[in-house]
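Q: Residue numbers (my numbering), protein chains in the order written: chain A, 1 to 116; chain B, 1 to 116.
By construction, these hints were calculated from the structure, which means they are not laboratory data.
This one's a predicted model, so the numbers in the text were calculated from it and none came from an experiment.
Beta carbons are placed, not taken as given, at the ideal position from N, Cα and C, and that holds for glycine.
Keep in mind that the hints are not guaranteed to be accurate.
To be verified - In silico lysine to any residue, SDA-like type, Cα no more than 25 Å apart, as pairs:
(1) A:K103 x B:S13
(2) B:K47 x A:G63
(3) B:K103 x B:L114
(4) B:K43 x B:R23
(5) B:K103 x B:A49
(6) B:K43 x A:G26
(7) A:K100 x B:A112
(8) B:K103 x B:S84
(9) A:K47 x B:G80
(10) A:K100 x A:G10
(11) A:K47 x B:R23
(12) A:K100 x B:G63
(13) B:K43 x A:Q27
(14) A:K43 x B:Q27
(15) B:K100 x A:D66
(16) A:K43 x B:A49
(17) B:K103 x A:S13
(18) A:K47 x B:L114
(19) B:K43 x A:K47
(20) A:K100 x B:P78
(21) B:K103 x A:G10
(22) A:K43 x A:R14
(23) B:K100 x A:A112
(24) A:K43 x B:D66
(25) A:K43 x B:G26
(26) A:K100 x B:D66
(27) A:K103 x A:V86
(28) A:K100 x A:G80
(29) B:K47 x A:K103
(30) A:K43 x B:G10
(31) B:K100 x A:G63
(32) B:K47 x A:A112
(33) A:K43 x B:A69
(34) A:K103 x B:G80
(35) B:K43 x A:A31
(36) B:K47 x A:K100
(37) B:K47 x B:G26
Claimed, not checked - Listed below are several chain B residues computed to face chain A (Cβ distance under 7 Å; list not exhaustive):
(38) K61
(39) C68
(40) A69
Protein chains: 2
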Amino acid sequence: MSTSSIPTPGYFSRHIFFCLNERDNGQDCCAQHGAQAAFDRCKALVKEAGLAGPGQVRVNKAGCLDRCAAGPVAVVYPEGTWYSYVDSSDIDEIVESHLKNGKVVERLLTPAELGR
Amino acid sequence: MSTSSIPTPGYFSRHIFFCLNERDNGQDCCAQHGAQAAFDRCKALVKEAGLAGPGQVRVNKAGCLDRCAAGPVAVVYPEGTWYSYVDSSDIDEIVESHLKNGKVVERLLTPAELGR
Numbered sequence: 001m002s003t004s005s006i007p008t009p010g011y012f013s014r015h016i017f018f019c020l021n022e023r024d025n026g027q028d029c030c031a032q033h034g035a036q037a038a039f040d041r042c043k044a045l046v047k048e049a050g051l052a053g054p055g056q057v058r059v060n061k062a063g064c065l066d067r068c069a070a071g072p073v074a075v076v077y078p079e080g081t082w083y084s085y086v087d088s089s090d091i092d093e094i095v096e097s098h099l100k101n102g103k104v105v106e107r108l109l110t111p112a113e114l115g116r
Numbered sequence: 001m002s003t004s005s006i007p008t009p010g011y012f013s014r015h016i017f018f019c020l021n022e023r024d025n026g027q028d029c030c031a032q033h034g035a036q037a038a039f040d041r042c043k044a045l046v047k048e049a050g051l052a053g054p055g056q057v058r059v060n061k062a063g064c065l066d067r068c069a070a071g072p073v074a075v076v077y078p079e080g081t082w083y084s085y086v087d088s089s090d091i092d093e094i095v096e097s098h099l100k101n102g103k104v105v106e107r108l109l110t111p112a113e114l115g116r
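If we strip away everything but chain A, and leave its shape as in the complex, we get (with noise of 0.2 Å):
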């Protein structure tokens, strides 16, 4: 019998997850706003890095993450750290500050009234 009551450490030591929704009624979404985009470049420079991989970080495709009015939106756990971008060189600063270094980018967080 397993008495343990500490959880496993973390597979990931990071895990980004990218709002890929796109919704379809045509209204404002993510996907409208480079998301695909943006996943595929953060998963490839994570890639390139050697930084993918268990004990290391995940780059994850996710549905909607409810923040709409802040999107595109990403968020970064166990941090909890959401971040609002705009081009391909936020998406570049994440991957160096934050997932290769641990520091928070913080021009691009996400203003914390923003939600749905």
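Starting from the known structure of chain A, fit chain B onto it as the hints suggest.
A: Then chain B, alone, in the frame of chain A:
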């Protein structure tokens, strides 16, 4: 100028991601093992319990979480707790114990050695 180095507080207190990935080459995947039904059930239970929303719980769709050998899987952040579930009663227990009361469901923890 913002000089804060403190990340914003978690927008959701708990964020659970279900792998709903469907491999297009017919290979085994979470989607073939009831992942959509599990996601739907979890989402409905969380809503019913009044736990859904900012400051509370978000039940999210995700693409491949890259732990196919342990599937179907879901991961709860910020804890980074991975679950391998089988049926709807497993989902009920994850909602009741972990998402509602913060108590990890030991018997459903994904074995640490199971990855892709």
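Q: Each hint needs a verdict: does it hold in this structure or not?
A: Here is what the structure says about each hint:
| no. | hint | in the structure |
| --- | --- | --- |
| 1 | A:K103 x B:S13 | 22 Å, holds |
| 2 | B:K47 x A:G63 | 17 Å, holds |
| 3 | B:K103 x B:L114 | 22 Å, holds |
| 4 | B:K43 x B:R23 | 23 Å, holds |
| 5 | B:K103 x B:A49 | 16 Å, holds |
| 6 | B:K43 x A:G26 | 24 Å, holds |
| 7 | A:K100 x B:A112 | 24 Å, holds |
| 8 | B:K103 x B:S84 | 16 Å, holds |
| 9 | A:K47 x B:G80 | 22 Å, holds |
| 10 | A:K100 x A:G10 | 17 Å, holds |
| 11 | A:K47 x B:R23 | 21 Å, holds |
| 12 | A:K100 x B:G63 | 22 Å, holds |
| 13 | B:K43 x A:Q27 | 22 Å, holds |
| 14 | A:K43 x B:Q27 | 22 Å, holds |
| 15 | B:K100 x A:D66 | 20 Å, holds |
| 16 | A:K43 x B:A49 | 36 Å, violated |
| 17 | B:K103 x A:S13 | 22 Å, holds |
| 18 | A:K47 x B:L114 | 21 Å, holds |
| 19 | B:K43 x A:K47 | 32 Å, violated |
| 20 | A:K100 x B:P78 | 19 Å, holds |
| 21 | B:K103 x A:G10 | 17 Å, holds |
| 22 | A:K43 x A:R14 | 13 Å, holds |
| 23 | B:K100 x A:A112 | 24 Å, holds |
| 24 | A:K43 x B:D66 | 13 Å, holds |
| 25 | A:K43 x B:G26 | 24 Å, holds |
| 26 | A:K100 x B:D66 | 20 Å, holds |
| 27 | A:K103 x A:V86 | 19 Å, holds |
| 28 | A:K100 x A:G80 | 16 Å, holds |
| 29 | B:K47 x A:K103 | 35 Å, violated |
| 30 | A:K43 x B:G10 | 24 Å, holds |
| 31 | B:K100 x A:G63 | 22 Å, holds |
| 32 | B:K47 x A:A112 | 23 Å, holds |
| 33 | A:K43 x B:A69 | 22 Å, holds |
| 34 | A:K103 x B:G80 | 20 Å, holds |
| 35 | B:K43 x A:A31 | 22 Å, holds |
| 36 | B:K47 x A:K100 | 36 Å, violated |
| 37 | B:K47 x B:G26 | 33 Å, violated |
| 38 | K61 | 3 Å, holds |
| 39 | C68 | 13 Å, violated |
| 40 | A69 | 12 Å, violated |
In the structure shown, a violation is registered for the earlier hints numbered 16, 19, 29, 36, 37, 39 and 40, in ascending order.
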